[in-house]
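Whole structure, please, built from the sequences with the hints as guidance.
If you read the protein sequences in the order shown, they are chains X and D. At the far end of the first sequence sits residue 404, using the UniProt record's numbering, and the numbering has no gaps. At the far end of the second sequence sits residue 404, using the UniProt record's numbering, and the numbering has no gaps.
I should point out that these hints are in silico values taken from the structure, not numbers from a laboratory. Nothing here was measured: the structure is a model prediction, and the numbers come from that model. Be aware that a few hints might be false.
It does not matter which identical chain is meant; a pair holds if it fits inside one copy or across any two.
Within a straight-line C-alpha distance of at most 20 Å, the following computed EDC-like cross-link-like pairs (lysine to aspartate or glutamate) qualify [to be verified]:
id : residue 1 : residue 2
1  : K261      : E385
2  : K357      : E200
3  : K261      : E13
4  : K261      : D62
5  : K261      : D3
6  : K261      : D5
7  : K261      : D390
8  : K357      : E385
9  : K357      : E188
10 : K300      : E140
11 : K261      : E234
12 : K354      : D215
13 : K354      : E385
14 : K354      : D94
2 protein chains.
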Amino acid sequence: MLDWDHVFARRAERMRASEIRELLKLLDQPDIISFAGGIPDPALFPTDAFREAYSECLGGGDAASGLQYSVSEGYRPLRYWLQRELGQFGISCDIDNIFITSGSQQALDYLGKLFLSAGDTALVTSPTYLGALQAFNAYEPNYDQLGVANRTPESYHTAALAHGGAVKFAYLSPDFANPTGETVRLEERHRLLTLADELEIPVIEDAAYQHLRYDGEAVPPILALDIARSGSIEETRTIYCGSFSKTLAPGLRVGYVVAAKPVIRKLVLIKQAADLHSSSINQMAIAHVAERHFEAQVAKIRQAYRARRDAMLAALERHMPTGTDWTRPEGGMFVWVTLPEVIDATALLSRSVKTEKVAFVPGQAFFADRSSANTLRLSFSCASEPMIEDGIQRLGRLIASELS
Amino acid sequence: MLDWDHVFARRAERMRASEIRELLKLLDQPDIISFAGGIPDPALFPTDAFREAYSECLGGGDAASGLQYSVSEGYRPLRYWLQRELGQFGISCDIDNIFITSGSQQALDYLGKLFLSAGDTALVTSPTYLGALQAFNAYEPNYDQLGVANRTPESYHTAALAHGGAVKFAYLSPDFANPTGETVRLEERHRLLTLADELEIPVIEDAAYQHLRYDGEAVPPILALDIARSGSIEETRTIYCGSFSKTLAPGLRVGYVVAAKPVIRKLVLIKQAADLHSSSINQMAIAHVAERHFEAQVAKIRQAYRARRDAMLAALERHMPTGTDWTRPEGGMFVWVTLPEVIDATALLSRSVKTEKVAFVPGQAFFADRSSANTLRLSFSCASEPMIEDGIQRLGRLIASELS
Chain X
1 MLDWDHVFAR RAERMRASEI RELLKLLDQP DIISFAGGIP DPALFPTDAF REAYSECLGG
61 GDAASGLQYS VSEGYRPLRY WLQRELGQFG ISCDIDNIFI TSGSQQALDY LGKLFLSAGD
121 TALVTSPTYL GALQAFNAYE PNYDQLGVAN RTPESYHTAA LAHGGAVKFA YLSPDFANPT
181 GETVRLEERH RLLTLADELE IPVIEDAAYQ HLRYDGEAVP PILALDIARS GSIEETRTIY
241 CGSFSKTLAP GLRVGYVVAA KPVIRKLVLI KQAADLHSSS INQMAIAHVA ERHFEAQVAK
301 IRQAYRARRD AMLAALERHM PTGTDWTRPE GGMFVWVTLP EVIDATALLS RSVKTEKVAF
361 VPGQAFFADR SSANTLRLSF SCASEPMIED GIQRLGRLIA SELS
Chain D
1 MLDWDHVFAR RAERMRASEI RELLKLLDQP DIISFAGGIP DPALFPTDAF REAYSECLGG
61 GDAASGLQYS VSEGYRPLRY WLQRELGQFG ISCDIDNIFI TSGSQQALDY LGKLFLSAGD
121 TALVTSPTYL GALQAFNAYE PNYDQLGVAN RTPESYHTAA LAHGGAVKFA YLSPDFANPT
181 GETVRLEERH RLLTLADELE IPVIEDAAYQ HLRYDGEAVP PILALDIARS GSIEETRTIY
241 CGSFSKTLAP GLRVGYVVAA KPVIRKLVLI KQAADLHSSS INQMAIAHVA ERHFEAQVAK
301 IRQAYRARRD AMLAALERHM PTGTDWTRPE GGMFVWVTLP EVIDATALLS RSVKTEKVAF
361 VPGQAFFADR SSANTLRLSF SCASEPMIED GIQRLGRLIA SELS
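Written out as structure tokens, the structure is:
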């Protein structure tokens with residue numbers, strides 16, 4: 001038998017099965033109340049609208065183009081729809097600034113490929129989206145921490161050089177981030193752009209949850225602020241990654257990147273070489289549904305998720321023991337809990353699943369340095385309000401018993 | 001404005017727009033007879049079957065799972081169907097040996113990612129599939145030539161070491177290859193497996209055209225021969241890449257990899273990090289159509305493409321001047337033409353488009369070393385028989401006039 005490890009590339013050492021993901025697979029049982037997932041509630045999918053979309057796209061004169069190869073840039077009517085939609089958020093751009101990906105996870109992979117040579121540094125928040133670390137890891141970067149007060153641009157340059165590379169980008173999810181649910185305030189967004197200016201690096205803005213705001217006032221996307229500061233999208237450094245996975249449906253794998261044309265042109269070449277293009281028929285179906293149902297669909301899911309968030313925050317207030325703290329997100333799917341330091345959330349999960357039948361994700365996985373063992377992520381997107389009350393009550397009881 | 005070239009990764013230098021692809025975009029005009037494409041004829045797509053498939057998948061109890069996130073390994077019923085289908089070609093395997101990709105192009109990207117560190121060597125035929133070179137290029141390999149008589153394993157090792165890496169795999173498309181249309185004979189397949197054994201490397205078998213045989217006897221896939229030699233797929237070194245793009249439809253982006261589990265497990269991790277999974281609904285639709293229509297569909301396209309190949313070979317016989325040679329493919333979509341050495345196919349293309357309104361792809365692009373300027377690729381998949389006769393007559397006339 002071939003010694004596979006011997007022929008794998010060096011980067012393969014960083015590809016490991018996530019223990020958490022493996023554990024969570026085992027939890028897919030009906031008697032478990034799961035706050036672990038973080039996926040959209042399938043009961044809210046616009047299923048009829050999609051059935052109609054595929055039927056019309058495959059029934060009309062354009063049927064063959066839905067089944068044929070298509071251009072790497074993406075389906076033009078979908079890019080026109082996005083151009084109009086993005087304009088409402090202050091992102092004025094041309095369709096040549098818009099590139100369709102197979103979900104925003106693919107955008108992260110391609111951006112890692114475009115910017116990171118082995119040993120380069122990516123700046124990420126702490127905690128950050130686990131999937132971003134996994135996507136970037138394939139390109140063997142180091143990570144340094146974004147959002148630390150008092151860090152000078154020089155200190156970032158020096159640290160990157162010491163690891164044998166350069167600082168290549170800052171990555172963050174500014175709205176209702178996975179995992180914390182927190183939103184980056186306007187003045188912090190401006191500070192980040194100034195830092196990126198000083199560092200001469202791009203900013204990757206992961207906007208996957210942007211449409212899921214339940215209250216409070218919308219903060220403009222970093223790309224919109226950058227366009228306002230720079231005068232034109234061609235002068236910006238922000239690379240905006242959007243997705244239809246949280247608004248319409250993830251199973252079609254349709255996302256998009258919006259950026260200055262030199263970036264888009266390279267991403268198109270990467271896609272040509274990596275998977276040619278995203279599914280033609282799915283891009284047509286997404287365009288069909290977005291044109292007819294986007295606003296109503298977003299209103300519908302916001303209402304449902306808002307009620308679940310409210311239920312979770314109220315239940316946490318009622319059931320969490322003193323010394324436990326959590327975020328109060330204005331949108332998204334997640335609440336981030338910080339436990340007293342004596343509690344290890346991974347150990348807590350084992351007990352919670354066994355005795356309380358409640359699942360969540362321990363927070364450690366979301367830190368590039370695997371710190372903060374006393375944190376955990378709760379998702380309210382797929383649980384009913386009574387389940388949320390019940391599950392949080394059980395979890396609060398377990399945490400209280402750990403502390404006593 | 002940010003100096004983008006300064007922040008791009010080193011590998012970005014190898015990402016260049018293909019001149020040929022840019023040129024061919026301009027040729028998409030109704031008065032051009034194009035033998036350039038190499039894509040399936042959309043008139044042959046099973047459009048009604050797909051319309052029915054989407055309607056049923058989105059109308060039944062499984063609708064939500066078509067729209068939801070799904071596992072990175074791929075849709076189980078599709079993998080079961082493939083297991084049965086592959087068994088007919090001597091590939092006995094388990095569904096855990098089968099991994100679904102977004103087209104076989106994605107398999108090539110992931111295999112480059114899995115095996116190639118910068119400076120490693122990939123063995124490829126000369127010429128080879130251009131898309132494979134593009135996919136591998138992102139991982140900064142060197143190339144060495146597969147299929148040269150008298151090359152010893154030591155000579156490959158030594159050459160790879162001189163380029164700062166190791167030989168990591170051999171890549172080839174053994175059936176009706178793009179671009180030559182040629183098929184690797186049984187004894188050559190065995191010789192290749194022996195060489196790979198001696199080099200202790202895997203063999204990547206690109207089987208994209210395997211189902212498109214029009215005559216002659218089928219040669220077993222390299223993976224089937226490897227299983228027969230090794231006793232079990234777990235003992236093999238062959239990584240088989242298949243696709244539904246040439247049989248059912250490319251626009252859904254569904255392909256697959258079949259290999260020993262250590263390879264599949266790593267590919268699953270790569271996919272988790274790179275795009276999570278291939279479109280759930282498209283995998284369901286492909287399974288639905290494959291289960292009901294695969295054999296009839298393959299019979300239908302074979303019949304249509306066989307007639308076009310026959311027309312092209314007959315026209316070449318009638319119209320090509322002495323000194324011009326071409327392959328006689330038993331399947332696929334391509335005929336490979338070798339012109340007298342005085343003719344440069346890129347220059348010929350400019351004249352051909354201007355004066356004869358006939359397009360093809362100059363052969364140089366398919367060589368890792370850009371050699372063989374006197375070759376060109378003709379595709380017969382999208383042209384009618386009268387167009388083939390007319391186009392080849394014009395091309396033959398032009399070549400004859402170049403020689404006189």
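Hints versus structure:
| no. | hint | in the structure |
| --- | --- | --- |
| 1 | K261 to E385 | neither (45 Å within a copy, 42 Å between copies) |
| 2 | K357 to E200 | neither (49 Å within a copy, 49 Å between copies) |
| 3 | K261 to E13 | between (34 Å within a copy, 17 Å between copies) |
| 4 | K261 to D62 | neither (29 Å within a copy, 40 Å between copies) |
| 5 | K261 to D3 | between (44 Å within a copy, 13 Å between copies) |
| 6 | K261 to D5 | between (39 Å within a copy, 13 Å between copies) |
| 7 | K261 to D390 | neither (50 Å within a copy, 42 Å between copies) |
| 8 | K357 to E385 | within (17 Å within a copy, 67 Å between copies) |
| 9 | K357 to E188 | neither (39 Å within a copy, 59 Å between copies) |
| 10 | K300 to E140 | neither (41 Å within a copy, 47 Å between copies) |
| 11 | K261 to E234 | within (7 Å within a copy, 46 Å between copies) |
| 12 | K354 to D215 | neither (36 Å within a copy, 62 Å between copies) |
| 13 | K354 to E385 | neither (22 Å within a copy, 69 Å between copies) |
| 14 | K354 to D94 | neither (54 Å within a copy, 33 Å between copies) |
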